[in-house]
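Going line by line, the protein sequences match chains A and B.
Using this note's numbering, the letters of the first sequence correspond one by one to residues 1 to 115.
Using this note's numbering, the letters of the second sequence correspond one by one to residues 116 to 681.
Watch out, some of these pointers could steer you wrong.
To be verified - Chain B stretches covered by chain A per the calculated footprint, using a threshold of three residues with CB under 8 Å from any CB of chain A:
hint : region
1    : 164-171
2    : 316-322
3    : 425-435
4    : 440-450
Claimed, not checked - Residues of chain B placed beyond 10 Å of chain A at every Cβ, according to the derived structure:
hint : residue
5    : H122
6    : G379
7    : A403
8    : Q479
9    : G551
10   : E650
11   : I681
Claimed, not checked - Here are the computed lysine-lysine pairs in the BS3-like style, where the Cα-Cα straight-line distance is at most 27 Å:
hint : chain 1 : residue 1 : chain 2 : residue 2
12   : B       : K425      : A       : K101
13   : B       : K454      : A       : K107
14   : B       : K454      : A       : K99
15   : A       : K99       : B       : K425
16   : A       : K101      : B       : K455
17   : A       : K99       : B       : K357
18   : B       : K455      : A       : K107
It should be emphasised that the hints constitute simulated quantities derived from the structure, not laboratory data.
Where a beta carbon is used, it is the ideal one built from N, C-alpha and C, also for glycine.
Take a look at the letters that make up each chain.
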Amino acid sequence: MLAGNKLKDGRRKKMGVWIKREQCIGCGECVQICPGDLLYLDQEEKVSIRSSRECWQCMACVKCCLFEALSPKLPYSSADYGGTLCPYQGQKKINWVSKNKGGRVEKYFPTKQFG
Amino acid sequence: MGPERVHFEAEVVIIGGGTAGCLAAVTIKEQAPTARVIIMEKADIRRSGCLAAGVNVIKAYLHPGETPESFLKDIRHEARGLVREDLVLSAAKRLNEVVEKVERWGLSILKNANGAYLPHGRWGIKVDGEKLKPLLAEKVKEKEVKVLNRVAATNYLLSKEGRVIGVAGIGVRDACFYIIKASTILCTTGGCAGLYRSRNPVDGHHQIWYSPFNTGSGYAMGIRAGAEMTSFEMRFIALTIKDVASSISILTRDCGAYLLNSYGQQYLTSKNDTVSDLPFPSCLSLFAYLQELKEGRGPCFLETRQLTDKQVRELKESYLNENPATVLYWVTNGVEPEKKPVEISSTEPYIVGGHGQAGYWIDQERRTTIGGVYACGDVAGGYPSKYIGGSWAEAIIAGETIVDQLTSVVGDHELMAGIFLEEQRVFAPLERYRRGLTGIEPWEMEERLQKIMEEYAGGISCRYELSEPRLLRAKEDLSQLNDQVSYLLAKNSHQLMKAHEVLDLLDVAKVTVEHLLYRRETRWPGFQTRVDYPERCDLHWRKFINSRRNHNGAIEMIERPYHQLI
Ligand SMILES: Cc1cc2nc3c(=O)[nH]c(=O)nc-3n(C[C@H](O)[C@H](O)[C@H](O)COP(=O)(O)OP(=O)(O)OC[C@H]3O[C@@H](n4cnc5c(N)ncnc54)[C@H](O)[C@@H]3O)c2cc1C
Ligand code: SF4
Ligand code: SF4
Numbered sequence: 001m002l003a004g005n006k007l008k009d010g011r012r013k014k015m016g017v018w019i020k021r022e023q024c025i026g027c028g029e030c031v032q033i034c035p036g037d038l039l040y041l042d043q044e045e046k047v048s049i050r051s052s053r054e055c056w057q058c059m060a061c062v063k064c065c066l067f068e069a070l071s072p073k074l075p076y077s078s079a080d081y082g083g084t085l086c087p088y089q090g091q092k093k094i095n096w097v098s099k100n101k102g103g104r105v106e107k108y109f110p111t112k113q114f115g
Numbered sequence: 116m117g118p119e120r121v122h123f124e125a126e127v128v129i130i131g132g133g134t135a136g137c138l139a140a141v142t143i144k145e146q147a148p149t150a151r152v153i154i155m156e157k158a159d160i161r162r163s164g165c166l167a168a169g170v171n172v173i174k175a176y177l178h179p180g181e182t183p184e185s186f187l188k189d190i191r192h193e194a195r196g197l198v199r200e201d202l203v204l205s206a207a208k209r210l211n212e213v214v215e216k217v218e219r220w221g222l223s224i225l226k227n228a229n230g231a232y233l234p235h236g237r238w239g240i241k242v243d244g245e246k247l248k249p250l251l252a253e254k255v256k257e258k259e260v261k262v263l264n265r266v267a268a269t270n271y272l273l274s275k276e277g278r279v280i281g282v283a284g285i286g287v288r289d290a291c292f293y294i295i296k297a298s299t300i301l302c303t304t305g306g307c308a309g310l311y312r313s314r315n316p317v318d319g320h321h322q323i324w325y326s327p328f329n330t331g332s333g334y335a336m337g338i339r340a341g342a343e344m345t346s347f348e349m350r351f352i353a354l355t356i357k358d359v360a361s362s363i364s365i366l367t368r369d370c371g372a373y374l375l376n377s378y379g380q381q382y383l384t385s386k387n388d389t390v391s392d393l394p395f396p397s398c399l400s401l402f403a404y405l406q407e408l409k410e411g412r413g414p415c416f417l418e419t420r421q422l423t424d425k426q427v428r429e430l431k432e433s434y435l436n437e438n439p440a441t442v443l444y445w446v447t448n449g450v451e452p453e454k455k456p457v458e459i460s461s462t463e464p465y466i467v468g469g470h471g472q473a474g475y476w477i478d479q480e481r482r483t484t485i486g487g488v489y490a491c492g493d494v495a496g497g498y499p500s501k502y503i504g505g506s507w508a509e510a511i512i513a514g515e516t517i518v519d520q521l522t523s524v525v526g527d528h529e530l531m532a533g534i535f536l537e538e539q540r541v542f543a544p545l546e547r548y549r550r551g552l553t554g555i556e557p558w559e560m561e562e563r564l565q566k567i568m569e570e571y572a573g574g575i576s577c578r579y580e581l582s583e584p585r586l587l588r589a590k591e592d593l594s595q596l597n598d599q600v601s602y603l604l605a606k607n608s609h610q611l612m613k614a615h616e617v618l619d620l621l622d623v624a625k626v627t628v629e630h631l632l633y634r635r636e637t638r639w640p641g642f643q644t645r646v647d648y649p650e651r652c653d654l655h656w657r658k659f660i661n662s663r664r665n666h667n668g669a670i671e672m673i674e675r676p677y678h679q680l681i
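Given these sequences and hints, build the entire structure.
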């Protein structure tokens, strides 16, 4: 069962998280972790989401994927199309890189906090 | 053919391996290493409950100069004069000890040059807690607690005398029927989201502040078993960053952001430093915000233009630790907090004992009124603004009492009677589907329930306002909805879990409405605005409103006095 339409860059639309299918190796880690029981491996052994309306945006799945196949997606009702925020696995830490609609890239290393 | 049955037996079962449940499990195993302890968890304890995403702050901690008494006074202020002082004081004495304990397990707490914990407001400390939940889970594993992930509890199993003898649940992935025999059960299932319609439409249905996967099942199981419940009328509604519903605590506490209306006026100016992240008790800050909207001065904002570029970067990094969606929201919508104040909005109402004080009526040792059942954390009542520290303190207290009173497991004989009935109740929606019948899907019933609560029991669209005629209508409609339960349909085990979430919500909703009806004053404006009784009346209403469902299914109301200890 395939959910949603495929975009040019391989991500799938209409989901609570973006899934880069070519990067997913089907290890099932995110399926184990999702607190809402929303993710499953489809017939091609790639991850799919049951229902975007049930996603809490907790990012537990995004952060546990060592293959960086998942990234957060906000509902269109509250956020423009075009910007992205992608995790990349640093040593013991998740780092992030954001791209706004105009293509400006910013990198974050959330080791310390405000103040 | 019935579902496959899976049997376990333990001295202690902990329902819900969240913040409180994990800490309690470890405490029990530390003191009674040979006791068999099982955690029954509907998700995976590594990332379950409120803290699935991670945290930056732990509340509460008593910094130098503070005492359990000063803490209690602040909580009493936050709760507008009505709080279980015995519960707050007993927890307050353990707040620092629990935090230091978890630090020894590996939690990184930020410190100043002298080694003192960096404060976050008067009662918080800053932590590097993105991986707090995985850390707790690691400790649970090390202590050889048996964890049943993806098993959702559905009901207590009781003896003829009404004492607990076990708990039943469904396998969320395997659709098995789980039966655990135990004479001691600790309920730590968290609070309840999903009673009211979400502020965000369709795809944003679960874009809410409280965990949408905590659907009040611990409350519902207690209600069905006839436990005494308290203060369901003290709902909790948060002020959050608009659309993403993320906490504003970093902004108000660490960035010095203050509240602005659309005319640039600072509409709340007190510098009163309470447990609330806002200048006044949380309910009054919410009420002031609602007044701004009502009188045409909304939308409202948090002033962030004082931040430097470097500070904004740090701010985003903080949010990436606890709510990455906030950063994505800013990036995609071109929001630059250093250039434009950040818009806020209020959430859906929740029933949650760790922010409001709805929950099980417990004694100082965290025993509920059902023999053998204990409760702590967000599911336990009487102690608002409990947060992580208070939930942990309660977990230690409950854990220690449980160890003192460990009893052996009862025989099979008594258990069997309850099992059959529960099995039929639990699997009915799946059975209906298997028999090829049509019916109602869980999401449909959830929508119907949320519509009733939204329109008649004070949802967002009516500014959370309550009045008797509307509440009576809610009661009537909920009772009509109750008659539809036998039509619920579940196509698979995931939907079966969803079906039981809705059934639990329905039981919680009915009790909530009774409580909202009963308190004929406005004690917590914003959370509980009775437009027909707008004043607070300490003479008649400085007391707890409790309830208990009797054998006929009717909800009896009980009044309990308030005791001032200091
Ligand atoms: C978004 C958010 C941010 C917060 N940030 C902070 C903060 O920064 N600092 C702070 O001090 N406090 C914070 N809090 C408050 C704090 O997280 C809670 O008070 C605390 O987590 C309560 O612990 P708990 O164990 O009662 O609930 P939870 O940690 O939510 O655990 C409940 C557990 O029960 C499980 N469960 C539910 N139903 C069932 C069932 N039927 N069967 C089996 N298992 C079940 C859930 O999956 C979950 O694992 C925050 C709360 C929220 C919602
Ligand atoms: S964790 Fe990543 S690689 Fe593994 S199944 Fe999930 S998306 Fe695919
Ligand atoms: S963001 Fe959270 S709720 Fe959404 S799919 Fe990922 S793990 Fe599940």
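Does G379 of chain B clear chain A by more than 10 Å, comparing its Cβ with all Cβ atoms of that chain? Consistent with the label, G379 of chain B stays out of reach of chain A, its closest Cβ about 24 Å off (over 10 Å).
Proposed proximity, K455 of chain B with K101 of chain A (alpha carbon, max 27 Å): Cα-Cα ~18 Å, so holds.
Is the straight-line distance between the alpha-carbon of K99 of chain A and that of K357 of chain B 27 Å or less? 21 Å, holds
Does K107 of chain A lie within 27 Å of K455 of chain B when you go C-alpha to C-alpha? With a Cα-Cα distance of about 22 Å, the restraint between K455 of chain B and K107 of chain A holds, given a limit of 27 Å.
Run the C-beta distances from Q479 of chain B to all of chain A and say if the shortest one exceeds 10 Å. Non-interface label stands for Q479 of chain B: nearest chain A Cβ at 32 Å, farther than 10 Å.
K454 of chain B paired with K107 of chain A [C-alpha distance capped at 27 Å]: 20 Å, holds
Regarding the assertion that H122 of chain B does not contact chain A, is the least Cβ-Cβ distance greater than 10 Å? Consistent with the label, H122 of chain B stays out of reach of chain A, its closest Cβ about 23 Å off (over 10 Å).
Check the hint pairing K454 of chain B with K99 of chain A against an upper bound of 27 Å on the C-alpha distance. 19 Å, holds
Whether chain A covers the region 425-435 of chain B (at least 3 residues having a Cβ closer than 8 Å to its Cβ atoms): Coverage by chain A holds here, the residue count being 8 at a Cβ distance below 8 Å.
Least C-beta distance from E650 of chain B to chain A larger than 10 Å: 38 Å, holds
Does the no-contact call for G551 of chain B survive, Cβ to all of chain A over 10 Å? Holds, since 22 Å exceeds 10 Å.
Distance rule for I681 of chain B, whose beta carbon must clear each one in chain A by more than 10 Å: For I681 of chain B, whose nearest Cβ neighbour in chain A is about 33 Å away, the distance exceeds 10 Å, so it holds.
Comparing the model with each earlier hint shows no violations; every hint is respected.
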